[in-house]
Every structure is written in structure tokens, then in C-alpha cells.
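Trainee: Go ahead and model the full structure; you've got the sequences and the hints to work with.
So you can see what is in the structure, the chains are spelled out below.
2 protein chains.
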Amino acid sequence: MENTYAAAGVDVLKAEAFVGRLKKLSRRPGHERLWAGAGGYASVVPISEFQAVALTTDGVGTKLLLASELDKLDTIGIDLVAMCANDLICVGAKPLSFLDYYATSKLVDHYADDIIKGIAIGCDQAGMLLVGGETAEVPDLYQDKHFDLAGFSMGLVSKNELITGDDIEPGDLVIGVASSGVHSNGFSLARKVVPKSKWESLLTPTLIYVKPVVELFGKPGIKLKGIAHITGGGWRNLFRLKTGIGFAINNPLPEPEIYTELRKHVAQEELFKTFNMGMGLSIIVKKENAAVVIETFTNHNFQAQLVGQVTDQSGKLSVDCKDSSMIISN
Amino acid sequence: MENTYAAAGVDVLKAEAFVGRLKKLSRRPGHERLWAGAGGYASVVPISEFQAVALTTDGVGTKLLLASELDKLDTIGIDLVAMCANDLICVGAKPLSFLDYYATSKLVDHYADDIIKGIAIGCDQAGMLLVGGETAEVPDLYQDKHFDLAGFSMGLVSKNELITGDDIEPGDLVIGVASSGVHSNGFSLARKVVPKSKWESLLTPTLIYVKPVVELFGKPGIKLKGIAHITGGGWRNLFRLKTGIGFAINNPLPEPEIYTELRKHVAQEELFKTFNMGMGLSIIVKKENAAVVIETFTNHNFQAQLVGQVTDQSGKLSVDCKDSSMIISN
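In order, the protein sequence lines correspond to chains A and B.
The first sequence begins at 26 in this note's numbering and counts up one residue at a time.
The second sequence begins at 26 in this note's numbering and counts up one residue at a time.
Think of the hints as simulated: they come from the structure by calculation, not from any bench.
Incorrect hints may have been included.
Same chains, same names: a pair is fine if it fits in one copy or spans any two.
Below, a list of computed lysine-lysine pairs in the DSSO-like style, where the Cα atoms sit at most 30 Å apart [unchecked claim]:
1) 48 with 142
2) 170 with 221
3) 119 with 289
4) 248 with 119
Please read all numbers here as calculations on a predicted model, not as lab measurements.
Mentor: See below:
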């Protein structure tokens, strides 16, 4: 059996088809009034002519199962907040509030406390308040130590701060911000191929990019034309920002050590279509803004660098990595 | 083994203790700026001096397992929306947007479509738009047909519309609005004691009370002093509205047929502390407002009636039901 994400039990194309049907099934008058944020990373609900509430929801997938297996539950909450908050900033919203849904077969105090402590730390890193949540004991749905977590985050964005992606153009620069590892995506594949002795490093919490990005929102003269949170689908996330363009990445960030292991088992193209490959966030700016963006991330102790540029090669992403280069198509 | 909610695997007191610890663990500067809505049914985040965003999250508990077991998934989404939207109105908020988190081991098209159709119908009933969601394939977390659902809803409330419960006083009237059955609470107990031949009636979807309540928000001269969504904890939900008061319910609504079955197996006090017993929503008003409230619900095809009044018997709720009466303590 090949080592692909689909073979690991997650059929991305089928899921995308379902999301298409879902949109059709749920479409109603009123949907046309929603604002369109770049990449659809958040739902943007206008509450006046000038201001909107941005909303995201996400989970952490099968990273949960590794955390349970290793009895290490104090950082999975950071992942949960990260997945929601990093999506909010992609549309230009400032994250404000977080709610969690925590369901388990039987509430075990020290597990529950560890999970909540992680969520609280994540909220601190994202500058959000944990304002509510639901803790559900659902006997017989989850097995022994298993549980599920969903997060819900809310932020505000004003009309003139909304990131639409519309003004991205060939020649714009792509700034990459380093990830801490695989973050919270691709675990159905990762836990299949990575030996259990190295699982602990898979659990490294997802980085939360909110603070430098929100600082950049407020800087005069700086415009972030597009922000891609590199989640499920890997570098294909860049294509979400605008149609009709492409990307040439010739100076990728170094890959965290876990990727040395993953490269032993999974083909390179599959890796870039599933994982972040060292780049947790990508930011598109015009040339003149690049230095300030990199400097701001550096000041917040993130590694950031110019990784490439936007091209006119519609739907094509070229990567020069290590000793090879390749093209990823949308 | 006795037929109580605790014996069925859900320890409400333990869960409440956890929520207490959770609040302590997550408490941060900024929490004091949140507005306090009656009963804590929703988190109310001010975005200006005059306006706030209200947020709720909830699931449908083990009602999911019955729906899976009976292969009837087209109404569980209504329950999900109901649990969130009915909570929002309790603080005076007008529901606007809904997001769902749907996690399953393996996406099966017709199950997924049925679930989403239910959510869309629920959103229509609540006057909300389904603006986003997360569909997660989490292999190995859920068994065969199992899945979990969490809902997140957002509404708006202005400062002068916020329901705080502060002005509730002895002598105020309690209006009860009929439920359709057990709604979405107490299923861990219900599915244990109700024979499988009658499970279909347990699945009757939760009523969504949004439209008449929002209409009442806008009526001049009408003030809803308190609204209790009767969920987990049954009639003890009334105590959430204000401390230092009690309730005398002498004219309860008729109990839907399913309760005839439940009464065979579960002691009466346990029933009232676990289920809604025919009253899905309770509204506290001053005497002069009662008729308009009842009329508005009736116009929307809900059964509503004067069921009792607020007393000065702190933490005591007396119920005259059928051939007996009893006191429920907070």
C-alpha cells in the first residue's frame, strides 16, 4: 500500500466534493451579503457597513490520538487554538474570543485539566480570551482515553482591513514563516509512517502567528495582500488566495528534523501536498514591504525569510528544494 | 443499579466541578469586561459601549448514538442548531450565524448529506445562516458509523436589550413553552431505560424558539426579564437566572407521550432534574406582559401557557404535577 494521505484513510478530494455539496445544501438568501476573505479561511459576517465579525472553527484531527497514546495532553489545546486563530488572521481579522467543545467518554480530571491548560496557553499566545465552551460526557461514543476537541474563534475586521487577495499580482513577494514541525495536519499519514519512538516530536505544538501579524495590521504603509495558513493540503493552500496566478518558491525555509524521517517514507510531491514542509504561514506583499514584515516576525522570535514570488503561471507552484525541483499543480 | 443520570454514566456534579476549575484556569485580565447575560447561557463579548457579540457552543450528546443506531440522521442537525440558538436568545441576542464541526471516521455521502440538510433546516428555523464549518475525517477515533457534531452560533445584542435577570422579582410570572419531547438532553439515561421499539420518538427534533422570542424582543412595552432554555439539569435551569429567588409551578404543561414511558423507569424528582418534562423554554415576565408573550408563541404555533410564578423561597422550586407535588432544591 502506498504512503499517501488517501491511503492513510483521508480522502481529500472526496471531502472537497462534500464541501461543495454542503455549500449548495446550505445556500440561502443572505449568503451574498457575507464578505469574501482571501482563501475562505474565515466566515466574515458584516454587522455594519464598515465592520464584520470573522468566525472560524477547526479541530486537530488525529493528532489527538497520538496525544492520548503518549499520555501527553498539555499542548494539544495550543494546537486547537492555533488552528482557529491562524485562520482568522488570514482574512485580516484581529482574534478576540475562543470557545472549545471537549467531548469524552468519561471525564478524567487530570486529562481534562491538561487539555484546558493548553487551550489557555494557546489563547494567551493568540491574544484571545477563552470565553466559553462545552464539556460533554458522551458514554459509548469515545473509547477509553479517547476524546475529541473542536475550537471556535471570533475576531473583528473592518472593511478597509479585510484581506481579499484581489490585489495580489505577479512580481509580489512570498515571505515564509517557519513552522515548528508538522503542526496539526497530515497525522493520519504521519502516525502510519513515523516510528512510535519519534512520535513525541510529532506532538510539538503548532505555532500561533497572531501577534506579529496583528502588529503588522496596524503598521502604516504596510499592506499584507494575502496570508496563507499552511494546513491540510500543504502548499496547495497558496492557491486559495487568488485564481489565475502561480508561485515560484526558490528559497524555502529549512525543514524541521521530523521531515527527514517523513522523507524516508513518503514521496516528495505527496509531502508538499500534505504537510507544511517547514513553512507554517506564507505572506504575500509588494517588494517594498518585505523587509518590515520579516523584521516584525524576527522581533517576535519567529524565523521568517523571503522564499519566492508570485508568477503569472496560473495554478502552478514551482519549488526548488534540496537537490531537486518540482511543480505542484492546483 | 438505580436509574439515575449519574448511574447512566454522566456525573453532572463532577462536570460542574470541572467547569469551575476550567473557569479558574482560563481566567485572564479582560474577562471582567465581558457582559453577564442571565444564566450564562451565552458568552457576551462587547465590541463597543453599546453592542456585543454573543457566542454559544454545544453538542447533542448521546442522541447521536440513537440516530446512528436507527439510521435516521436527517433531524439531528436540527437538534444541534436548536441547542446553540435557544441558548443565544436567553441573553437577549438575535441569532445570526452558525458553524458546525462534523467529525467522523470515514465520510459516507448519504449520512453526511442528511446531517447537513438537518443543520440547514435548523438554521432556517432559527433565522441564521450556516456560514462555515469543519468536516473532519478522523480515522480510528470514531467506530464504524459513529460521528460527533458540535455547533457554534453567533448573535448580536445591544446593551439595553441584554437580559441580565437582575430585575426578576417575586410575583413575576413564569410562562412555559411546550417541548416536543426530551429534546437533546438526558439521552444517556433515556436510551438505557426506554425500549428500543420506542427510540424513534426519542429522536423527535428539539424545538427552536428563536422566531417568537426575537419578535418579542422588538415589541414596545414588552420586557422578557429572564429566559431559561431547559437543557441538561432539567428544571434546575430556572435557578440559573437569578440567585435568592424560587419558583412555584402549579400549572405545568402536559407531558409529551415519551414521558409516560420514562415515568415507568425513573423516579419523578430525577426526571425533573434531568429532562424538560414538557417545558422546553421558560420565560419570566411581569404580570402585565404575560398575555402578549403567550399570544406571540401561539401565533408561531407553539403551545405556551402561564405555568407558575417567581417566589421569595430562595433556591426552592415547587411543582404540582399530576397527583403529587414536590420540591426541587438548587
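Trainee: Quick one: residue 248 to residue 119, C-alpha cut-off 30 Å, is that within a copy, between copies, both, or neither?
Mentor: Within one copy only: 15 Å inside, 35 Å across.
Trainee: Check residue 119 against residue 289 for me: Cα-Cα at most 30 Å, and say if that holds within a copy, between copies, both or neither.
Mentor: neither (39 Å within a copy, 54 Å between copies)
Trainee: What label fits residue 48 with residue 142 when the C-alpha limit is 30 Å: within, between, both, or neither?
Mentor: between (35 Å within a copy, 11 Å between copies)
Trainee: 30 Å Cα cut-off: does residue 170 pair with residue 221 within a copy, between copies, both or neither?
Mentor: both (18 Å within a copy, 28 Å between copies)
When the structure is compared with the earlier hints, a violation turns up for hint 3 alone.
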